[in-house]
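Mind assembling these two chains? They're in different frames, but the hints should get you there.
Okay, here's what each chain looks like letter by letter:
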Amino acid sequence: MSISVLTAALPSINVQLAEYAELFTLIAALIYTLAFILFTVDAVRSSATIRRVEQELAAESGAQPTRVPADVAAGSGRGGHGGAGPTSGDSDAELVDEDMGYVGTRRPFANVAVALTIVAVAAHAFAVVARGLAASRWPLGNMYEFLVGASLVVAVVYLISLIRRDLRFLGIFVLGLVVVMMVAATIGFPTPVGHVQPALQSPWLAIHVSLASLAIGLFVLTFAMNLLQLVQSRREKALAHGPSGRFERTVAGWQFMRLVPKAFSLESWAYRLNAVAFVFWTVGPVITGAIWAQQSWGRYWGWDPKEVWTFVIWVVYAGYLHARATRGWTGNRAAWLSIMGFVCIIINYGVVNVYFPGLHSYAGLPE
Amino acid sequence: MTEPTNHEREPSAHRDNAREDAMNAAQGTAKKDAVVPALGLKGMLRWAWTQLTSMRTALMLLLLLAVAAVPGSIFPQRVQDAFAVETWIENNPTLGPILDALQMFEVYSSAWFSAIYLLLFISLIGCIIPRARKHIQQMRSAPPRTPRRLQRMPEYGAVELDEGGPAPQQTLDDAAKILKKRGYRVERRETSVGAEKGYLKEVGNILFHVSLVGVLIFVALGSMFSYRGQKIIVEDEGFVNALVAYDNFYPGTWFSEDQLEPFSVQLNDFHRSFDREMVDGEPGPNWGSPLGFTADVTVQEGTGGEPRDTTLEVNHPLSMGGANVYLVGNGYAPVITVRDGEGEVAYSGPVVTRPDDGVYTSMTVVKAPDASPEQLGFVGLFLPTAVDSGGGLGVSADPELGNPELHLNSYAGDLGLDDGQPQNVYVLDTDELEVLNSREVEAGGIVLAPGETQQLPDGLGEIEFEEVQNYIAVDITYNPGETWVLIFALTATAGLVSSLFLRRRRAWVTAETTEAGRTLVRYGLLSRGEDFSLRDENVALRAQFETTWPVRAPEENT
Ligand code: HEM
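If you read the sequences in order, they're chains E and L. Per our numbering, the first sequence starts with residue 1, numbered consecutively. Per our numbering, the second sequence starts with residue 1001, numbered consecutively.
Keep in mind that a hint or two might mislead.
As the list claims (entries may be wrong) - List time: in silico EDC-like cross-link candidates among lysine to aspartate or glutamate, alpha-carbon distance up to 20 Å:
no.: 1; chain 1: E; residue 1: LYS262; chain 2: L; residue 2: ASP1531
no.: 2; chain 1: L; residue 1: LYS1231; chain 2: L; residue 2: ASP1429
no.: 3; chain 1: L; residue 1: LYS1231; chain 2: L; residue 2: ASP1269
no.: 4; chain 1: L; residue 1: LYS1231; chain 2: L; residue 2: GLU1313
no.: 5; chain 1: L; residue 1: LYS1181; chain 2: L; residue 2: GLU1537
no.: 6; chain 1: E; residue 1: LYS262; chain 2: L; residue 2: GLU1530
Unchecked claim - What follows is a set of in silico ranges between Cβ atoms, one per label pair, in the way DEER data are often shown:
no.: 7; chain 1: L; residue 1: LYS1181; chain 2: E; residue 2: ARG272; range: 24 to 32 Å
no.: 8; chain 1: L; residue 1: SER1256; chain 2: E; residue 2: ARG272; range: 47 to 55 Å
no.: 9; chain 1: E; residue 1: ILE118; chain 2: L; residue 2: LEU1095; range: 47 to 55 Å
no.: 10; chain 1: L; residue 1: THR1253; chain 2: E; residue 2: PRO190; range: 44 to 52 Å
no.: 11; chain 1: L; residue 1: ASN1092; chain 2: E; residue 2: THR186; range: 36 to 44 Å
Note that these hints are calculated values from the structure, not bench results. Bear in mind the structure is a predicted one, so any value in this text is a computation, not a measurement. Beta carbons are placed, not taken as given, at the ideal position from N, Cα and C, and that holds for glycine.
Excised from the complex, chain L in its bound form (with noise of 0.2 Å):
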């Protein structure tokens, strides 16, 4: 029988786990299935272990991982931004707690999301330990015996030699020696040639499959050593690595303040580059898009490190004592010098505003409590190249310092900042404080532009816009489990495609003596898993057969 039967041409039947039960049958070895429960507790125990570690149960649960992922990409995250999830909250009253109760909002650590992936490598440990086992003991034993009946087997082929050909054990040493030269483990037998290549896409599956658990593992080990943290540095301003000085730190589970190792960044000088192609004489499309971001930089590592000048870059962090720095924002900052009613400087400095747009429009919010009589508060926009947009409201129409303009309110009363609680440093709660200026009452906005000063109303004091500064926000992350995350990505990456793609291949050949005194060779090939070119095989094996033997007659092969 040469063509595969119809019952084998169905798309399921012939490969699946059910690919080794295919081989079996057609070697006509049996194997028992289904393990029937055993009673008592030891029984179902085993029983659930069985199922757990089921190729079925693997795909459940992997189908089940893809769903779960889903709703984090729907509901903002807190890992993310949890400024966010508290809007969204707030903004849905009733929906909101209950996602958050299902913590919809910190999808990939909730308890569920949890208990998915790590059923599903408790369940690939499970698989892979017992696959290893037995495939190390496949490598060490003989290739598997040889099936009586080779017409059986997927790809089959007969020779029949010339008189005067090789006798048959002459042949079944030839077979053996190219088939060896095919890549082929071999073993003589009395009678055949059982011989098996390919043990390396096994072992792909299984290195695949154990890197995925090396990633899983220092993707965990690394997040509980990690650290990330968050600093805004202004020009001329510095950075030392300790926890003081971050303005965010989100520290892993097991990170201990020593592994902070220490090094110093200070911000010299920031340059940022913009689209000024003209076309046809016109700004073109693309005007005013962002194109280089550098920061001019003194970093110093260690206590006693020389001090070197470099540059931070986007996409090119700074390397520090284990830690990276990425430039990851960058913004204005007026200097600004607030006098209260007594006329002592109740503020003075830079101030950090916030862009909000690609003409870097700037949220900017001054806090001065120790001002007196009053606390003074101001907010308002910072425009980097401020024109009249009508009616005397000015909007921003170039992200670079062109015409630089305050456009503030201001305020006075309780801040709110006396009670301890920590506050947005962009926000001011102005609803309880009085209005001094703004474009609704009589004395206006307050309207500045670099070396000039506006009194504030009934004599509480003043404010000076002196100069402009940069600031940039910088990330500074420490994982030490990124590059053996990277290293199991790559072996799993190798294992893969071995897997997918190298041939697992028995092969088989017998001689024998036909009636008419003629040496008859027959060989069979039995691929495991996917194969499409078995047939290439059979053809190839065909033709250095009749290079090597005087063949008969071409007789139709397959």
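Chain E extracted, bound-state conformation (with noise of 0.2 Å):
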């Protein structure tokens, strides 16, 4: 007997656009972290840029500047001052726009970071595109792909979300963490370009798994919202009544928040996008996850490790949505619910994906 060289009706690889997808994947990458690089240095700059505005302002109006000024502030952030801080909270409304919009404080950094990341999501968008052509299948097929591809619509939602709303405020954590998942796809879990099994390969697939990355792309947006809700919030309160304790004398001092819209503004917002995204979840991971369950192992749903998380995560989400409407559960503790949302959404992607046994062979990794 000999080895039946196979003529599968699956068509071969093109292994030159393979390693087109794989550099402009590294391209990516890089050009996302200079984004991230430039966020950071957006915020680190923002009380220079506060400053900037005000004298902007002064000079408008003529009129003298009437709080501290900012240099004597950004210098005693660290060293924990008293007092009710060095702004007021009504300052900040020159600064950003609590609906959202633009309005015309100047970010060079973060501007050039945007630009940057268009940039770099049009490199990731032709690798992920050529590494669908060179397999012809969709381009969601293991752990690497998955990271790649989710990281990609998380870019692309973020920018997306740029078009109508001034989010530049959460340049750092979208770009971190599009910059994490791209390390750990080519670090973690380096995958050659290939065909599938034969469970995956399925029109659910695209369906199921897209409109999951979708809904962490949301995620991601409401995660940070609800993150930076809890610290302004926090920064409000010691701006109004004077700060107690250090993490608020601290907070009060963090001239990047006022770039960051109020914590009401934060909250709204975050609801909206958790709204869609919970649709989102409902309809990818949990309704079609289960009609492709039933196609495919006979059974719709059986607490397979990940089917067990995305239900925990519907679920938690669904008591967001709750905790909105509740007496008492609504700011800052809906948005510790939507945090924990997320976090279970890491679970379920690098701890459930990685060390739990399940059907779901997804990871791609050695047995």
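Following this line, the structure appears as structure tokens:
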């Protein structure tokens, strides 16, 4: 008997394209890293930005700045100076729009970072498409491809949101996560381009995983917003009533937070995005997942570890939506639930995929 | 007052069930809230019911449900892998039994998990029924009465008409028409117009929650009437859907045998395809990984149905008699004949081997309890493409049949099959057996290629490896609840979408004649629940007013 060389229906891999895919993934990752650095510089330099804006405003109105000059505050942010903090809450109104629209604040570093992100997304999109074409299938067939694909969705969702809303303050978080995902893919799960095992050869793969990625792309934004909301509300409290405790004193000094909208506005926007993401999560991982499981494994729900966590995430975000309608649970408590939901997502993809055995042999890891 | 107060801008204050409060406050109707528990049993029960059906309890139960689901992903679960559970308990002799007593190995059917979700659903029903009743009432009754001071509404506007513009009554007629066109349900009142729209939002919410109940009911019913079974079918063999034919069978609580519709599946041939992509003349990185499994089968539905040929593939189950047949596994079944010391055939037929890795290194166990003078047993590996890894130790280099070999040890003695204990076919306990062939003993191990025969030492018999056949493992499942679960999942989604994205809005318009003799039209908007575009509605409404009437100098709106 000899090994029958397969004349399979599956087309052969385009090696050239596969190489381009890998190259452009790396290029994208590099540019993202650069953008991340610039967003960080933007945050660090925000005190200078704010100072400049204040001077401009002062010049315009011909009046003296009414508050402690920002440079004094910046110098003392770490030293934990007492009092009501360097700024009054109202002054931020000139720096950010509570509806997250764009206002005139000039932030050159952030703008370059956004431009770089656009370039990176183009390279990234090319890489993902090339990988899909190279294997003639939807490029979400293993852990590597999931991380690379989902990080693309995260970045694209962020850019699309940027068109309508000034979410530059989320840049560090979003780009940071994108970089982490791409590094994890390249170092943790390097996988050569190939066909997928029979169970994954299904149109449901594309629908199921793409919807999950979309939901995650939105949850990333809300996660960052809710985190900032917690910080911002502490800062607002500190500024309004005087800081109590070390944390509030520190937070009150964070100039960067002046470029972040108010806690209320963060919460509202996080809610709007969470609602959309929840629908994606319901339809994607939960419902299409069940349909596919039924077709592939003969049962629509079997409490496989991956299914367990999909359910947990769904229930936590349902809890979040409820909390928003429950007396005493809105505001920061609800934000904690949203954050917990995202932590569960991280567990689902970072821990369950890797360490818990199950039918979702998706990670493509060696046994 | 046109700008929301600081208080309203607080993250928490103005929307909760709280939302309802806010609306009532805005309309000037206070609502009695906390029910003070009356004395006596009846009062206590009522109080308990109120607590159970409160939003806060629902939230707590939801969070509890999320936490309770987690252990099922940490510990092996009996429903999935009973063997793994037993192994786990054996390996953790102290913790194992404790966790077992706590039902940690059957989390999703445990008393505590069930308690949580049942309470949650009772709470849900107790919550949804009054809500639905109230909503039906609201849909039938007129829009809420016009508040005295529209200025207090979250969105408010006023337009003053030019002299000679329509009189107040006329503007109210017009306003009613405009609002109706914008989808409001409108009531023209003596001195005002009251309007409301977005009733579907609440309908959606109720539909969503009711659908969840539907999902739960059909998940439960479905599993009670369901059955699931497993069967291994070797090439040229068939399977008939009857209880005795199954290797493993898991009936639902209310399963009865006559639910098994007659059908049969025969495996004619089986094809595997593996990645054979060459890169630069070398096997590529995915060389040998599986790409496709196809079983050529002949199926027959009903007792007298026409046999028809079809294929069974992963992701493409066969649907027969309401049940589905899934291809879940496959492997090699070397055909082996064992003759005993007296020359009698003690075993003959295909032996199902268990592939343990990607190159189908397959665990092989052959038991010949009928052999005499001594029972014979064989344990070892089937290697589809055997290569020498050095020192005569064979390993498989490829999943396909390149150089099939059997590498076995043989044993003689009591196989322990006579005491009626069910045994794992893939396991032979060799502790009590005499070793005949093994790499450790003088006779050496057994290595056979197809067509070869090897004598056992001491004239105890011989073993012949005739040929290799394929087998497939199929799951047969029947779950009458599936379709309904899907339908309710979809209605839940529809309900969720309308609940989350529709806007429930109320609008009121009043008109009066000012001291200057002009008509002043005021309007107020109130939204129930989250509404981020109420201001847009205000703007749109105002625009329509301005095109309908001769509005005086544009006055700052909000
Ligand atoms: C099986 C458990 C439950 C799940 C998964 C669930 C899920 C949800 C979700 C996702 C929402 C947000 C969508 C919307 O606004 O319509 C929601 C809203 C709501 N749920 Fe539930 N729910 C459950 C049980 C309950 C229970 C027991 C109650 C009653 C106490 C309840 C009362 C409500 C109410 C009043 C809303 C509307 C909140 C608002 O005004 O935004 N739910 N539910």
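A quick look at each hint next to the structure:
1. About 18 Å separates the Cα atoms of LYS262 (chain E) and ASP1531 (chain L), which keeps this hinted pair within 20 Å; it holds.
2. A distance of roughly 24 Å separates the Cα atoms of LYS1231 (chain L) and ASP1429 (chain L); the hinted pair therefore is violated under the 20 Å criterion.
3. At most 20 Å may separate the alpha-carbon atoms for a hinted pair to count; LYS1231 (chain L) and ASP1269 (chain L) meet this at roughly 16 Å.
4. In summary, the hint linking LYS1231 (chain L) to GLU1313 (chain L) is supported, as the alpha carbons are separated by about 16 Å, within the 20 Å threshold.
5. For the suggested pair LYS1181 (chain L) and GLU1537 (chain L), the alpha carbons sit about 13 Å apart, so the restraint of at most 20 Å is met.
6. Among the hinted pairs, LYS262 (chain E) with GLU1530 (chain L) is consistent with the structure: their alpha-carbon atoms are about 18 Å apart, no more than 20 Å.
7. At roughly 27 Å, the beta carbons of LYS1181 (chain L) and ARG272 (chain E) sit within the given window of 24 to 32 Å.
8. Restraint check, SER1256 (chain L) to ARG272 (chain E): a C-beta distance of roughly 51 Å satisfies the suggested window 47 to 55 Å.
9. The given range of 47 to 55 Å is respected by ILE118 (chain E) and LEU1095 (chain L), whose C-beta atoms sit roughly 53 Å from each other.
10. A C-beta distance of roughly 48 Å is found between THR1253 (chain L) and PRO190 (chain E), which places it inside the suggested range of 44 to 52 Å.
11. Distance hint check: the CB atoms of ASN1092 (chain L) and THR186 (chain E) are about 37 Å apart, consistent with the given range 36 to 44 Å.
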